[in-house]
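Number of protein chains: 2
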Amino acid sequence: MQDALAALTRYWTERGCMVVQPFNTEVGAGTLNPATVLRVLGPEPWRVAYVEPSVRPDDARYGENPNRLQTHTQFQVILKPDPGDPQELYLGSLRALGIDIGAHDVRFVEDNWASPALGAWGLGWEVWLDGLEITQFTYFQQAGGMTLDPVSVEITYGVERIMMALQGVSHFKDIAYAPGISYGEAFGQAEYEMSRYYLDDADVEANKRLFEEYAGEARRMLDARLPVPAHVYVLRCSHTFNVLDSRGAVSTTERARAFGRMRGLAREVAQLWAERRTELGHPLGFAVVPEPVAAPASFPVVEGTHRLLFEIGTEELPPAEVTRTADAVRRALETKLGASRLGHGAVSTYATPRRVIAFAEDVEAAEPDAERVVRGPRLSAAYDADGHATKAAAGFARGQGVDVSELRTIDVDGVEYVGLTKTDTGRGAVEVLSGILGEIVAELRADKNMRWSDPKLSFTRPVRWLVALLGETEVPVAVSALAAGRTTRVHRLASTPVVDVPSADGYLDFLRSHGIEADPARRRERIVTDATRLAATVGGRVDFDGESALVDEVVNLVEEPTAILGSFASDYLELPSQILTTVMRKHQRYLPVRDAGGALLPHFVAVANGECDHDVVRAGNEAVLRARYEDAAFFWRADLQTAPAAMKAELGKLAFEDRLGSMAQRADRIGRVALALASEVSLDGDDLATLRRAAELAKFDLGSQMVVELTSLAGTMAREYARRAGETEAVAQALYDLELPRAAGDRVPATVPGALLALADRFDLLAGLFAVGATPTGSSDPFGLRRAAAGVVAILREHPSLRAVTLSRGLGAAAGQIVAQGIDVPEEALAEVADFVVRRYEQQLLDAGADYRQVAAVLPLAQAPAAADETLAQLRERIDDPAFAELATALQRVRRIVPEDAPSTYDPALLTEPAEQALHGELTKVSETLGGSPRSLADFTEAAGVLTVPVNRFFDEILVMAEEPELRAARLGLLATLRDLAAPVLDWQSLGS
Amino acid sequence: MQDALAALTRYWTERGCMVVQPFNTEVGAGTLNPATVLRVLGPEPWRVAYVEPSVRPDDARYGENPNRLQTHTQFQVILKPDPGDPQELYLGSLRALGIDIGAHDVRFVEDNWASPALGAWGLGWEVWLDGLEITQFTYFQQAGGMTLDPVSVEITYGVERIMMALQGVSHFKDIAYAPGISYGEAFGQAEYEMSRYYLDDADVEANKRLFEEYAGEARRMLDARLPVPAHVYVLRCSHTFNVLDSRGAVSTTERARAFGRMRGLAREVAQLWAERRTELGHPLGFAVVPEPVAAPASFPVVEGTHRLLFEIGTEELPPAEVTRTADAVRRALETKLGASRLGHGAVSTYATPRRVIAFAEDVEAAEPDAERVVRGPRLSAAYDADGHATKAAAGFARGQGVDVSELRTIDVDGVEYVGLTKTDTGRGAVEVLSGILGEIVAELRADKNMRWSDPKLSFTRPVRWLVALLGETEVPVAVSALAAGRTTRVHRLASTPVVDVPSADGYLDFLRSHGIEADPARRRERIVTDATRLAATVGGRVDFDGESALVDEVVNLVEEPTAILGSFASDYLELPSQILTTVMRKHQRYLPVRDAGGALLPHFVAVANGECDHDVVRAGNEAVLRARYEDAAFFWRADLQTAPAAMKAELGKLAFEDRLGSMAQRADRIGRVALALASEVSLDGDDLATLRRAAELAKFDLGSQMVVELTSLAGTMAREYARRAGETEAVAQALYDLELPRAAGDRVPATVPGALLALADRFDLLAGLFAVGATPTGSSDPFGLRRAAAGVVAILREHPSLRAVTLSRGLGAAAGQIVAQGIDVPEEALAEVADFVVRRYEQQLLDAGADYRQVAAVLPLAQAPAAADETLAQLRERIDDPAFAELATALQRVRRIVPEDAPSTYDPALLTEPAEQALHGELTKVSETLGGSPRSLADFTEAAGVLTVPVNRFFDEILVMAEEPELRAARLGLLATLRDLAAPVLDWQSLGS
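Just so you know, the protein sequences line up as chains A and B, in that order.
For the first sequence, this note's numbering begins at 1 and goes up steadily by one.
For the second sequence, this note's numbering begins at 1 and goes up steadily by one.
Hints in this document: simulated from the structure, not taken from any laboratory.
Every residue gets a Cβ at the ideal spot worked out from N, C-alpha and C, and that includes glycine.
Among these hints, one or two may not hold up.
Stated by the list, open to error - Cβ-to-Cβ under 8 Å is the rule here; a few derived chain A residues that face chain B:
| hint | residue |
| --- | --- |
| 1 | 21 |
| 2 | 25 |
| 3 | 26 |
| 4 | 181 |
| 5 | 196 |
| 6 | 197 |
| 7 | 203 |
| 8 | 220 |
| 9 | 228 |
| 10 | 229 |
| 11 | 278 |
| 12 | 280 |
| 13 | 283 |
| 14 | 284 |
| 15 | 619 |
Generate the whole structure from the sequences, applying the supplied hints.
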């Protein structure tokens, strides 16, 4: 291992990196060494490489876990500014480590990084070697709350992992550290003893006092304008906090306060450092980033029509952005071409992780010329009484460069002006495209955008090259530091990784000849075909429907899908299959292989990118999966030693939200809310017993090691562990159900106790976060409130029996528990959140293709979505019935004429006209039939159909707005009574006329 | 610089060292990294190399000092066990650094290491590159209070120093750290800010609390049997203590307590670590050290007489041990040859730092045969009445393997035994020598001894080879793992560093042919000749008398003295010359060059070892001296900004001795004692004023930066700084005198105020340390009490006017001040220390060649050494005078007959005999003449000469021990009166008869 560190050091020093030593106080990551976290600030250039033993008390496992160490070795590289080819440099470092990267599958898989405590974030990837995460690669965008300019590239190698892979060992202790000395021999005792310290023996009170001392000293050093010692003390705070945390000694309040302090201090350190560097005159000078390229001076002229090829070459895009960017570029190109006069055929786009390709077919050689009318003064002001041009007209003509005699009369919307018609000469296609394509690049935006070495551009990942060809003609495009050409990049490891493109025609085939499939549909098809074939070789199949989202992601992770079948020891099949598939999907993006009955087989399909040695890549992926399963098995076994109640006790240490307290508090609230809701629906018998027990255990599995590791297994593990702990199947299922649905379209709880828990969970989440003002914004919904709201709706729609649990009651019950915790829940917040939930319901209906008017009509009933669903169904049955239509029209007439505040009371004695008496009589009967209030739209329609005629007669014969006030009031009261009788079943107005 | 670290790392890993990272908490030295301080314990092998940024708050200088950094970079290597050739391995590493060691002067200069706080020590060297200390090289003997077995070799490179030398820069900030980045650019800000922290801004109270927290946590971890985290907290204690110290916030009491705690904790950590490794079954196995070689099976036979050559080859011996070992080997060889029967001629020895060579001339080929008498039973018990041999005789004969008839009669001291004479056949010379030489090696001992890889041997430095030749014949010697042969080692860098020795004859010339001068006298001569010649080239000369001790040392630092003349900027001559010469001598072992008047010239002579590139070595040495002078000039300028009183205030921070308090307390005591002694001698006038002021400032210069750096300049700097601060010349001189004499033979204070201060200094030291039981032992005298006692004597001898200051009065005055500080001073301690001082006086007299009887005779007067001196002088004048001899004899007779407790009173009326009356009469007159008590030996002799005759007559005629008790008492009283009159002037008995 030491040779590997030496090789990396040598490689990077040869590339201009300075070497520094690990920091002499504990850091959780190489990033925290001042050589990174301070040096990335400000304008000075900086290239550094160093080893950093990174201390993470939370990862202490007494040296027993094969992959987890309280101190692991990072190798950290900072390149400031971005050198333009950091990925290529990085790949060279793998070669320097002796890795035959041509044989392996090396991939850049989206992984962004953020440390709110440091006010820092960046975008980048984890680098996979045959499925193993070996490096974190980040474009550092912000640190200490300060935007970084220039941006730094941060490369962090996980050295133990790399060594385990290279040496083919399955426990870190077996790594050959130095000749004749294993990692375990060298560091095993320290690993054990420091684990003891972090997990069992560190004195909590002493460490709390230390934290205070450190924070105090950091504060004093900031006041003394000494960022370096201040930073040391911030690091000590951080480590001490981590120690306390791993000792389970941090309450939620303490955590929030500690984080707040550390964040504040860290930001001050960063700002002070930057100031001090400025005061010192930036001793290392100023980083140089590329200059913008010159705008094209001239444009080639083409003849005839040609296909346009425009390729935007990037570093690996996040999978979701591949499709999104292709769409955006297509739309942009269509729009911009549409705004020009350039004739063209169909526009299409294709995308891979490394390129977005746009085609426009049959692009004309040039824009046609166009005439343009230029309007001058009004005709009446253009000539004086003598018919001579006025000063205004003369000035206008002069301004347009024509003689006044050339002006003619123009009619604009019936008003006459003087003016003239000018001819705009059409621009050549290349000139038009040059501008459009440049704009498209400059306007690229994604969900999260970043900067790199380019002086102006910003996008989800760096744009590194542009190809723009009109037929065979290069279209000169200059955007910031990028100039388009005919050169594209193919696989980084190809013998000629950079190739010239002869023509826009046949470009997709040209790329195919270089092993790149730019068409996502064909990549998907290939994955499906190959995975199916491979699975069949072991008598299995892949559930492509079930794995659709995963396949979509994989399609956008590779340019040349290469399916490889791997296997794992069938022993692991003893673990719950959700664990196995979750690990495969979430961590590895492997496709699970199942037998005909859907049961998991000990195989998987990994999809590598491009050519590689299948045996090597298979072995690598298998080893990774084995390690992950070993981890999972470790957690599984450990968790089985722990009673659910004991796991639940761990929830006190898990923060939920600063103001809303710990996860334990949240789980308690959920239990109480569920029981409150149970009384709304008069739950009793076994179900009530089940709910009571499940409420006690609610969310206990969040305290399990498995769920701490794999959060998506919450609920799944609850069921597994509850069963094994001897809980009833009903309780186990209710605990499983609590977490449902996990996403839009997911199953909802099947049982009532489960449904009540799941509702309580979501009501608590919604009420709590709206109460503290943590409402979701356009792009940010960190607590998944939209999903929670959609879940509430989905559950209530699936469980009509829970109709009594209206949104108000549910949210009210949740609010009650939150208020009991001493947190104010404003009325408006509850109203807002109820509306927020209703909007999700509306969206679900519309997404399902419902008529928007009908949706609007039933929306007032969405307090109980199941009721609204029923009404909608009844409405659909009747909407085409003319009688219903007449009734609706009649009711709408009523609604229109009656002021909103008109009371629904009247003195029948004042109603003397026959038409009004008739309506009064019928209405009274209908009301009686309905028992004063209709129970459903069907009921109402059934009973109220008789009212259509009297209503219409009333309007025909009666002047509602009688001059005599009492009479007018009585008539309005009569109509209002009808209005109010009809209102609860539908928003009749919304049906439209 | 980073390339150098990489080169060292590569070099040592290629030699089997594991690489670890710097420790992640601050350490003061690489030794404290657990990879050293814990791994050297126990039997496991360990080879490690690492970089260690070592944090020394005390060295913080805001980055301004060219050579001093709060964090400097060590490169640390541990080789466990000693590989047998660590020096050669080390030299290889210098080559790996690109150092042309053939051109440079690389030397191993004695430098031992001890950290009482760690319970650790080792013997070794600092390695000099052209006079620059670049490495500490230590054979680690003990750590955590535990003896190390096997011994580890610790090599610590001072990387900044090496780089400054290699790059030829004079400020650490100018080191090229990485391409395009200087050390200052990389670390300058941290250096400044951390200096600010350590010197100015660290919060004292917070750090005190941190210390307590750390110590507490260390304690708890020890109790939990977790040495690794315990060690971390001990290191934090240590660093925090250093921070407090550099902030000047540690009182003496606190320092003592902190050290005690840290020492205790560190020892427990070490012991616990060793225990834990044993419990773990020593995972790294057991280090293998060489096996003892087999004893020779046979010995070659030689004819005729031959010269014996015996060479003990070592690693560089401490200079003092070179001579001492040569003497010891000569004595041992003489003794052991003498104890054999092997005929031989003269024995002689020669020595260099790397070898001790013994010759015995004309060694006979074999021992002669010898007869030996074996005694049996007494004759009377050997034969029965019948003349037959008894069982006893028969048994004896059987035991001796002879027939009983062969027994004969033997007379031993007049008693007759039976016995027999046996012939011992003489052994061959080679066999005899083999045994003797082996014993000599096994019995080698020095002042401080160490172990290395050898399983049994112990000496001041490792013994690496043996040559034993009798003429041309190899003498096989096997001692522990060493076997003698004919192969010796010459210069390590010679083309053939290992050569075979043809013969014992001409060996010194043989060595000369390889550039080695084994004869110290000739090395000295060469140094004197060459240095004289070189000095003359710049019009100067070397004061070889004044530099005699230095030349002695240099003679024993090299095998081939190569004098090189160097120069320094004459600007530095503005500094006090003692500073310049002290630096030259103490740090560099350079000979100062002076003009005819004795004034310093800007030149020096360095003595390199063997061939080298003189220009390179000159330049290197000049650069080192320049840096040192720059340092000194820095201190000088800084000190001149500080008033003496302010410096004196610094003394409160300097510990003197745990129990006796700070240096400030000691200085105060000295001042008060000096004033007390002044009243004994009735000092007044200017001298008293001078003393008063000097007493106020006593030892103030210990608070100066210069003296902190160069302690031997204490006093010298006091005078310089006092003069410049406007003190009178008398005060300045008194402060200078306070520190005199510095060593045996050094000048003593010339002035009375200075002498009183110097006496007070030493009385305080002696009384204090004897009071607390810190008396010197055979080999250990850390506080220099012998030197202090000798100083007292020397001063009092030189200042007869201070005769009133007897040892008792001086020590009593000192004790008074110590008692006033609340420290008990036992009477016996004072008596013991007085005796201790008297012994020094006795030694001085004997060393000066005085007759031991005369010395003994005046010793009772040594309470006032000047008085004893006078008496001795008077005694010498009279000792050959027969009358004096008779008087002395008479007085001795008196002394012999009178019991010690006989009172010197008598009733003259009882004395009736003429002889006794005569004596009574003369005695009474003499006593009156002398005024009751003699003032000197001269006085007494003058007056008492008349007593010889009456005394002799008294003894002739009078029976002293008369039967009648009253009479006997009167006669004894008469004699006792004479005894007591004579006693004060001399111990007459000691004169002998």
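Now the hints, each set against the structure:
Given the 8 Å rule on beta carbons, the hint for residue 21 of chain A holds: about 5 Å separates it from the nearest Cβ of chain B. Evaluation of the residue 25 of chain A hint against chain B yields a held restraint, the C-beta minimum of about 6 Å falling below 8 Å. The restraint placing residue 26 of chain A at the interface with chain B holds, with a minimum CB-CB distance near 5 Å, inside the 8 Å limit. Look at residue 181 of chain A: its Cβ gets to within about 5 Å of chain B, closer than 8 Å, so that hint holds up.
The beta carbon of residue 196 of chain A comes within 6 Å of a beta carbon in chain B, closer than 8 Å, and the hint placing it at the interface holds. Proximity of residue 197 of chain A to chain B holds as hinted, the smallest CB-CB distance being about 4 Å (cut-off 8 Å). Residue-level restraint check for residue 203 of chain A holds (minimum Cβ-Cβ distance to chain B is 6 Å; threshold 8 Å). Taking 8 Å as the C-beta cut-off, the interface hint given for residue 220 of chain A holds, the closest approach to chain B being about 6 Å.
Satisfaction of the interface hint for residue 228 of chain A is found here, the shortest Cβ-Cβ separation to chain B being roughly 4 Å, below the 8 Å cut-off. Look at residue 229 of chain A: its Cβ gets to within about 4 Å of chain B, closer than 8 Å, so that hint holds up. The interface hint given for residue 278 of chain A is violated, since its Cβ lies 12 Å from the closest Cβ of chain B, which is over the 8 Å cut-off. Taken as an interface hint, residue 280 of chain A checks out: its beta carbon lies about 7 Å from the nearest beta carbon of chain B, inside 8 Å.
Here the hint on residue 283 of chain A is kept, as its CB sits about 5 Å from the closest CB of chain B, short of 8 Å. Because the closest C-beta pair between residue 284 of chain A and chain B is about 6 Å apart, less than 8 Å, the hint holds. The beta carbon of residue 619 of chain A comes no nearer than 29 Å to any beta carbon in chain B, farther than 8 Å, and the hint placing it at the interface is violated.
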